[in-house]
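K.L.:
If you want the building blocks of each chain, they are given just below.
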Amino acid sequence: SQQGEEDPQALSIQEGENATMNCSYKTSINNLQWYRQNSGRGLVHLILIRSNEREKHSGRLRVTLDTSKKSSSLLITASRAADTASYFCATGRTGANSKLTFGKGITLSVRP
Amino acid sequence: DSGVTQTPKHLITATGQRVTLRCSPRSGDLSVYWYQQSLDQGLQFLIQYYNGEERAKGNILERFSAQQFPDLHSELNLSSLELGDSALYFCASSAQTGWETQYFGPGTRLLVL
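Protein chains in written order, with our numbering: chain A, 122 to 233; chain B, 1084 to 1196.
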């Protein structure tokens, strides 16, 4: 079963607006990562937040993690048309069954 | 550029045929992962190799197999191809065992006619 589930499935905003995407998961994790995929291309790693961190920034990206609610959000500020892509959250777990599990993705459209 | 290379970029073949997809991981990465992405199934993890050994298996069909060679490049073999196998196949690599950042290749687009 999918570990991470993103919400909403699709998001359409105007250039300059902020985009907020959410991810929920079911079991304990060691880290949570966000990836971007432009149409038909490979996934590109955006940011990683560890389970003992609550917030992380990278340029126009802000990621929060709430382990008590098993949820994360990705905020893209001052969006640009070039941000149009699919965004995936992925949960990382260490140990005997260490793995990275991807959600189904969110399609973000930024209108010029 | 992630440093992961995949060949070929595109592949068109017929049902019942067999194809081999190739992946070279980033320099120094020991783990290679294979994913299948289709419109209806999304991104599906197929299999992981770590330093030449199979490490984890996902939703990989019995008609599919993979291996990782001593130079760490990997091949995914798809046989008895069906129309439903048409998809994007991605290879990714990471430094170690599986839960860190993965670096994706550009993918191989397979079309089975």
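Hints are computed from structural coordinates only; laboratory data are not their basis.
If you're wondering where the values come from, they're calculated on a predicted model, not measured in any experiment.
A hint or two may mislead.
In silico DSS-like pairs for lysine-lysine, Cα to Cα no more than 30 Å straight-line [said to hold, decoys possible]: (1) Lys225/A - Lys191/A; (2) Lys1140/B - Lys225/A; (3) Lys1140/B - Lys191/A; (4) Lys225/A - Lys177/A; (5) Lys225/A - Lys1092/B; (6) Lys147/A - Lys190/A; (7) Lys225/A - Lys147/A; (8) Lys1140/B - Lys1092/B; (9) Lys190/A - Lys1092/B; (10) Lys177/A - Lys190/A; (11) Lys220/A - Lys177/A; (12) Lys1092/B - Lys147/A; (13) Lys147/A - Lys1140/B.
Some chain B residues well away from chain A (every beta-carbon gap over 10 Å; in silico) [claimed, not checked]: (14) Glu1158; (15) Leu1171; (16) Glu1183; (17) Gln1185.
Note that beta-carbon positions come from the ideal geometry of N, C-alpha and C, so glycine has one too.
K.L.:
Keeping to a limit of 30 Å between CA atoms, is the pair of Lys1140/B and Lys1092/B held or broken?
P.N.:
The hint holds at about 24 Å.
K.L.:
Regarding the pair Lys1092/B and Lys147/A, is the alpha-carbon distance no greater than 30 Å?
P.N.:
violated, 36 Å
K.L.:
Beyond 10 Å on every Cβ pair: is that true for Glu1158/B relative to chain A?
P.N.:
holds, 18 Å
K.L.:
Report holds if the minimum CB distance from Gln1185/B to chain A is greater than 10 Å, and violated otherwise.
P.N.:
Non-interface label fails for Gln1185/B: nearest chain A Cβ at 6 Å, not farther than 10 Å.
K.L.:
Does Lys190/A lie within 30 Å of Lys177/A when you go C-alpha to C-alpha?
P.N.:
This hinted pair holds, its Cα atoms lying about 17 Å apart.
K.L.:
Does Lys177/A sit within 30 Å of Lys225/A, going by the straight-line distance between their CA atoms?
P.N.:
It holds: about 23 Å lies between the C-alpha atoms, which stays within 30 Å.
K.L.:
Is Lys220/A close enough to Lys177/A, meaning Cα to Cα at most 30 Å?
P.N.:
Holds, at about 22 Å.
K.L.:
Decide if the proposed pair is consistent with the structure: Lys190/A and Lys1092/B, CA atoms, cutoff 30 Å inclusive.
P.N.:
violated, 41 Å
K.L.:
Do the alpha carbons of Lys225/A and Lys191/A lie within 30 Å of each other, as the hint requires?
P.N.:
Given that 30 Å is the threshold and the Cα spacing comes to 17 Å, the pair holds.
K.L.:
Would the pair Lys1140/B and Lys191/A pass a check requiring their Cα atoms to be no farther apart than 30 Å?
P.N.:
holds, 25 Å
K.L.:
So if I understand the rule, the pair passes when the alpha-carbon distance is 30 Å or less; does Lys1140/B with Lys225/A pass?
P.N.:
holds, 19 Å
K.L.:
Taking the closest pair, is the beta carbon of Leu1171/B still more than 10 Å from chain A?
P.N.:
At about 7 Å from chain A, Leu1171/B fails to clear the 10 Å cut-off, so the statement is violated.
Comparing the model with each numbered hint stated earlier shows that hints 9, 12, 15, 16 and 17 do not hold.
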